[in-house]
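J.: Given chain P, put chain B with the ligands in place with the hints provided.
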Amino acid sequence: MLDKLIMYMGFPFVRYALIVGVLIALCSSLLGVTLVLKRYSYIGDGLSHVAFGALSIATVLNLTNKMIIVLPLTIIFAILLLRKGQNTKIKGDAAIAMLSVGALAFGYMLMNLFPSSSNVAGDVCTTLFGSTSILTLTQLDVWICGILSVVVIAIFILFYNKIFAVTFDENFANAVGTNVNLYNLLIATVIAIIIVLAMNLVGSLLISALVIFPALSAMSVFKSFKKVTIFSAVSSMICALFGILISILVGTPVGSTIVTVDVLLFGVCYLIGRIRG
Amino acid sequence: MAVLTAKELAVGYENQSVLENINFEINAGDYFCIVGENGSGKTTLMKTILGLQAPMSGSISFGDGLENNEIGYLPQQSVVQRDFPASVYEIVLSGCQNSLGKGFFYSAEHKKLAMANIKRLGIEKLKNRCYRELSGGQQQRVLLARALCATKNALLLDEPVAGLDPQVTTEMYELIKQLNDDGLTIIMISHDIQNVKAYANKIYDVNTKEVRNVR
Ligand SMILES: Nc1ncnc2c1ncn2[C@@H]1O[C@H](COP(=O)(O)OP(=O)(O)OP(=O)(O)O)[C@@H](O)[C@H]1O
Ligand SMILES: [Mg+2]
Numbered sequence: 000m001l002d003k004l005i006m007y008m009g010f011p012f013v014r015y016a017l018i019v020g021v022l023i024a025l026c027s028s029l030l031g032v033t034l035v036l037k038r039y040s041y042i043g044d045g046l047s048h049v050a051f052g053a054l055s056i057a058t059v060l061n062l063t064n065k066m067i068i069v070l071p072l073t074i075i076f077a078i079l080l081l082r083k084g085q086n087t088k089i090k091g092d093a094a095i096a097m098l099s100v101g102a103l104a105f106g107y108m109l110m111n112l113f114p115s116s117s118n119v120a121g122d123v124c125t126t127l128f129g130s131t132s133i134l135t136l137t138q139l140d141v142w143i144c145g146i147l148s149v150v151v152i153a154i155f156i157l158f159y160n161k162i163f164a165v166t167f168d169e170n171f172a173n174a175v176g177t178n179v180n181l182y183n184l185l186i187a188t189v190i191a192i193i194i195v196l197a198m199n200l201v202g203s204l205l206i207s208a209l210v211i212f213p214a215l216s217a218m219s220v221f222k223s224f225k226k227v228t229i230f231s232a233v234s235s236m237i238c239a240l241f242g243i244l245i246s247i248l249v250g251t252p253v254g255s256t257i258v259t260v261d262v263l264l265f266g267v268c269y270l271i272g273r274i275r276g
Numbered sequence: 000m001a002v003l004t005a006k007e008l009a010v011g012y013e014n015q016s017v018l019e020n021i022n023f024e025i026n027a028g029d030y031f032c033i034v035g036e037n038g039s040g041k042t043t044l045m046k047t048i049l050g051l052q053a054p055m056s057g058s059i060s061f062g063d064g065l066e067n068n069e070i071g072y073l074p075q076q077s078v079v080q081r082d083f084p085a086s087v088y089e090i091v092l093s094g095c096q097n098s099l100g101k102g103f104f105y106s107a108e109h110k111k112l113a114m115a116n117i118k119r120l121g122i123e124k125l126k127n128r129c130y131r132e133l134s135g136g137q138q139q140r141v142l143l144a145r146a147l148c149a150t151k152n153a154l155l156l157d158e159p160v161a162g163l164d165p166q167v168t169t170e171m172y173e174l175i176k177q178l179n180d181d182g183l184t185i186i187m188i189s190h191d192i193q194n195v196k197a198y199a200n201k202i203y204d205v206n207t208k209e210v211r212n213v214r
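If you're matching them up, the sequences are chains P and B in order. 153 is the number that numbering that gives the first Met the number 0 gives to position 154 of the first sequence; each next residue is one higher, with no gaps. 189 is the number that numbering that gives the first Met the number 0 gives to position 190 of the second sequence; each next residue is one higher, with no gaps.
Treat the hints loosely; a few may be bogus.
Stated by the list, open to error - No farther apart than 27 Å at their CA atoms in a straight line, the calculated lysine-lysine pairs in the DSSO-like style are these:
id : chain 1 : residue 1 : chain 2 : residue 2
1  : P       : K37       : B       : K46
2  : B       : K6        : B       : K151
3  : P       : K222      : B       : K124
4  : B       : K124      : P       : K226
5  : P       : K37       : B       : K151
6  : B       : K176      : B       : K111
7  : B       : K111      : P       : K225
8  : B       : K118      : P       : K226
9  : B       : K151      : B       : K201
10 : B       : K110      : B       : K126
It should be emphasised that the hints constitute simulated quantities derived from the structure, not laboratory data. The structure presented is a predicted model; accordingly, all values stated were derived computationally and were not measured.
Extracted from the complex, chain P is given alone in its bound form:
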């Protein structure tokens, strides 16, 4: 087993996969608590479908670097969705449902109309479940993921106190003069970046799991925001590491393996939380 692992580590693409996977897992766990508690988790879900649509556009256009299209489109929709959510006239969740199903249908149609390879079903499956894409990263992909991850982590650390304030009590924050709209915009943008990043790792259908499970695990055991944040970050990285290693050794799809490890950890944390009372 160990020999096999060492042999695999000799390949650069495996090392890339590990580095990028762990970084992405870290990023996606950071805003989990905010997402869950602000009821933004459905926005995350909608956005991942938008990202799928954007990705299929990029695939059809045969771009070498798909991020150029996927990232800006997802950010724009994140901001639009947030705006819609604040608009009481149009129900926020209905708008999101419309958008996400629409993007999904549009993306699938595009990929069938303009197949970029002979295996459309395989392509679609890859974008939805991320199957092997983490092992086929180029050095450029690794750099982009690395830089985006660092940006997300830096923003999170710098604005940690503001994010806490805005998430815990938006009205109070507003009343004492914090620019709540600005920070909501920041949160939406960061969520969009995280989703685009995570799509590389687990595919667009499993992103929510990567974002939400570490936060839920941490919340069932820990009771302060700081501890919850640290625990979800660390546990998410460990789960990603194990998930990738298992998937390499056993040959299971990367994304679903990572998510399975996350789910198992959640089960354990939930039980611990229950037993502690």
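T.: For chain B with the ligands alone, kept in the frame of chain P given last:
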């Protein structure tokens, strides 16, 4: 001079006003109470004072050294915060967010202020406890400590004793009176006319739209 003046103020939502012709003046050191039945628009008025929503018409002006982001605010209990994993200390410290300005992290002074207000409200023992596991009365104290971190001058309290038992209610009122004696201007919404009469010096009734001087 008044710290807060409402002139021909109307408040409401989306072109529909819930309360009109509001006129009052609050002076520094006042204990100003707003009374009225459920749904009469008290919370709406308070949100307008805080600048969370714009007045429908008329004006609110601040004076005498009070700025609108220097008011400590104790919201009417909301359910949103119920599941939030946060310690008492983290929540009280977040009251300092307005003095953070362009900075990113809380300074030693901020932390000292948070601790001082935790002591002032007698919740040191709860400092590391999780907010969602506290009783209603304890939660109110935590939010009050947070509000105190946000202000040196004025506190706005939206039904601070709602849902508290009689003994804790009395404690809460004594606490607020103490803060008022220390020089803070108190603006409070309440249903509890009996107690309000004993503590406040001005009562504004949203039905009659008149200010009564009590003391
Ligand atoms: N976000 C909102 N949008 C539209 N109307 C609202 C909104 N919030 C409250 N209202 C309406 O405004 C009126 C006044 O509500 P408000 O919350 O100000 O009452 P209140 O005096 O604080 O009542 P309570 O004593 O129960 O707290 C009510 O008729 C309510 O239905
Ligand atoms: Mg109210």
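J.: Looking at the structure, which of the earlier hints fail to hold?
T.: 5
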